[in-house]
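Engineer: In order, the protein sequences belong to chains A and B.
Counting along the first sequence from 1, when you hit position 41 you're at 31 in my numbering, and nothing is skipped either side.
Every position in the second sequence, counted from 1, becomes a number in my numbering once 19 is added.
Treat the hints with care, as some may be off.
Below are the BS3-like pairs computed for lysine-lysine, each with C-alpha atoms no more than 30 angstroms apart in a straight line [as the list claims (entries may be wrong)]:
no.	chain 1	residue 1	chain 2	residue 2
1	A	92	B	529
2	A	92	B	530
3	B	553	A	169
4	B	531	A	169
5	A	169	B	530
6	A	65	B	531
7	B	531	A	133
8	B	529	A	169
9	A	133	B	585
10	A	92	B	531
11	A	124	B	585
12	B	529	A	124
13	B	529	A	133
14	B	588	B	529
15	B	255	B	230
16	A	124	B	531
17	B	553	A	133
18	B	588	A	65
19	B	230	A	124
20	B	588	A	133
21	B	530	A	133
A few chain A residues that face chain B, going by a derived Cβ cut-off under 8 angstroms, partial list only [stated by the list, open to error]:
no.	residue
22	25
23	57
24	95
25	114
26	120
27	123
28	135
Derived from the structure by calculation, the hints contain no laboratory data.
We put the CB at the ideal spot given by N, CA and C, even for glycine.
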Amino acid sequence: MGKPVIATASLAGCFGCHMSILDIDERILRLVELVEFNKSPIDDIKRFTKPADIGLIEGGCSNSENVAVLRDFRKNCRVLVSLGECAVMGGLPALRNSIPLKECLEEAYLNSPTVDPGERVIPNDEDLPVILDKVYPCHEVVKIDCFLPGCPPSADLIWEALTAIIEGRPLNLAYDLIKFD
Amino acid sequence: MAKAKDIVHRHPKDPAALLDVVRDVQAAFGHVPDEAVARIAAHLKLSEAEVRGAVTFYHFFSADPRGASTVYLNDSITSRMKGRAAVAKAFEDEAGCAFGRVSGDGRIGLFPTSCIGMNDQEPSAIVDGVVFTRLTPESARALVRGLREGRPAASQVAELGDGANQSELVRAMVANNIRERGPVLFGAHESGAALRKAVGTTPEKVIEEIKRAGLLGRGGAGFPTGLKWEFCRREKAVERFVVCNADEGEPGTFKDRVILTELPRLLFEGMAVAGYAVGARTGVLYLRSEYAYLRAHLEAALEAMRQDGLLGRAAAGSEGFSFDIVIKSGAGAYICGEESALLESAEGKRGEPRDRPPFPVSSGYRNLPTTVNNVETLATAARILVEGAAWFKAMGTPQSAGTKLLSVSGDCGRPGVYEVEYGLTLAALLEMAGGAGAKAVQVGGPSGTCVAQDGFGRKICFSDLATGGSVIVFGPERDIFEIVGNFMDFFVEESCGWCVPCRAGNVLLKKKLEKVVRGLGTEADLRDLEAWGKLVKATSRCGLGQTSPNPILTTMKSFPELYAAKVRKGEDFVPEFDLEAALRTGCEAAGRRPECKESLHE
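Bound-form chain A, shown alone (with noise of 0.2 angstroms):
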């Protein structure tokens, strides 16, 4: 067997959990002796090129984009990870969620005072991703095998989770990697 291929992306997140992933410092160099990253924001690769082992989500469902790539995640990913709490819970996007959507677009395009009265419009470009009613994690949208709670989830976290995954032996989750507070 090859090398395990990971992929990654940032759904409705803030990129913080790719940062936290980066955050292994000098041991992604043993990362990368480990693993080839296929389609993430961190080589840029736009297209699954090839199945992916481990694909790991970041952020949770805000409009049809994220529906899209998760869906595409879901069919290139043998096992796949929600990672952090955006992805794991909706996150700090789903505040939003016990307000109706079209109050949402109309405070934030219409009313706002920061808004130029000429250009009091909501967004319609149809090259602009459709927004949901609401944000959705993602195990409601598609099958996810594993979860990884943080906002972010530390590095040493996802370093265990992944290397675990990768030698298919359970996780040891020591006490300060699932303390938050």
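Put chain B on the given structure of chain A with help from the hints.
Structural biologist: Chain B in isolation, oriented as in the chain A frame:
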């Protein structure tokens, strides 16, 4: 708002008076306005946040107006089985507003509430503190019309119930429905006999007698009463307390209501016996808000006992023993039936459970040693003192001595209370209650067990079907999933929110159940239900979260075929997510065509 000021200043400048002040303000204004919050906080030396915390915690307090008159219609499963939907619609039509709202003229507020202890006479409601039972669409309409015409709710009680419900101090249409009178609670009792016997001997001997009788707590948990008293007595302290838990909130239980109505003196005598045994001078009856209509009746019973020399200084003629009882009212919160939450509430705070240990016997009411006992337990203890441990032990089973008062409701011909010996089978109980042919029986309320027909040979006792007394019968036509859904809604509503697994887990369990019921479940979803249910039970700190997944877990056991029939076989994952529906609003808002499909925008 001079009036709010007057109300607030009627109360002592003591934080413990918080609930009493808020209750009076709520009664006067139909809600607790912001200005009153500030006044209450200043008067009691609390922060406004603490006052608001209490206001928002309890069902019967509200920061928003609840109408000049307020209807609280019971939302329990039995109420639904007995025609709640039509009654609710009648209320809404006549009031001109939906449930959860106040009518446009501000006259009528309609709100749902959890079980109010009238399960044998549903649908029932509390209207401005007055209980209305066996409501029909017609009586609901007439009631609202009467309120609009300015006739107070109390004046609209047409027919009174039986027994003490007819007394001037109660005047309630509530029926006792005592179907089976057993020898313990309903045996002939000479008031004062138990207390005189107690004070004629030593506290240690009283405890010994209760231990010998094998009396276990009647609230459902079954802790040995004598042992609890002994633990409490052994604590070195300046003062100890006896607290009676009269907050029976488990849907389907109403047996304590009957004791409070018909046997208040026996209960208070039991509290005095407990007081003598543990070395307490004060007893506190924590009365659930739903039973506030009994308060004057209970106060009168206390006064009569003082006149008879059974309470107060030198109670029962014993120079060294003084004991009296005060009544504290709840304000609508199931969680306050949990003893440590009850103590918090009795101290005037939000009813959030405490960490245990320390247990109440060492640090309870006002952080002093306290024995918290159920109504039935205390009444039973009084009877044991008179008749003796051997008499008591001769009834029931070896591990579960004596009798149990059961509240039977649902699909049966003779709903009501039954005092039966422990060891009775469900089949025999169904026979007595006219519930033969039932499809299932819920024993112990939503937090208990759902037993299917193949379990009707099981026995009511601590080693088999332990129960605080709630028994709900479900006939052959009932939808088990509707019942489970109602029970889960109840726990979602009643979770105090302290523990995340309980606060969030019950919501997730309910959503997952709905997914399965809608036919979108897989076997993996069933495994999730089971695993999450176990997780919530294991990681919640009080009895609510430790039992709230039971409606799902016990029906998965009793009715596995129902769940199996709902899930899709061989499918790995079925999402509830519907992309088209999720995109609709966004497309409309942006003026885009709804056929807009997902695409990879690159």
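Engineer: Of the numbered hints stated previously, which ones are contradicted by the structure, given in increasing order?
Structural biologist: When the structure is compared with the hints, numbers 19, 22, 28 turn out to be violated.
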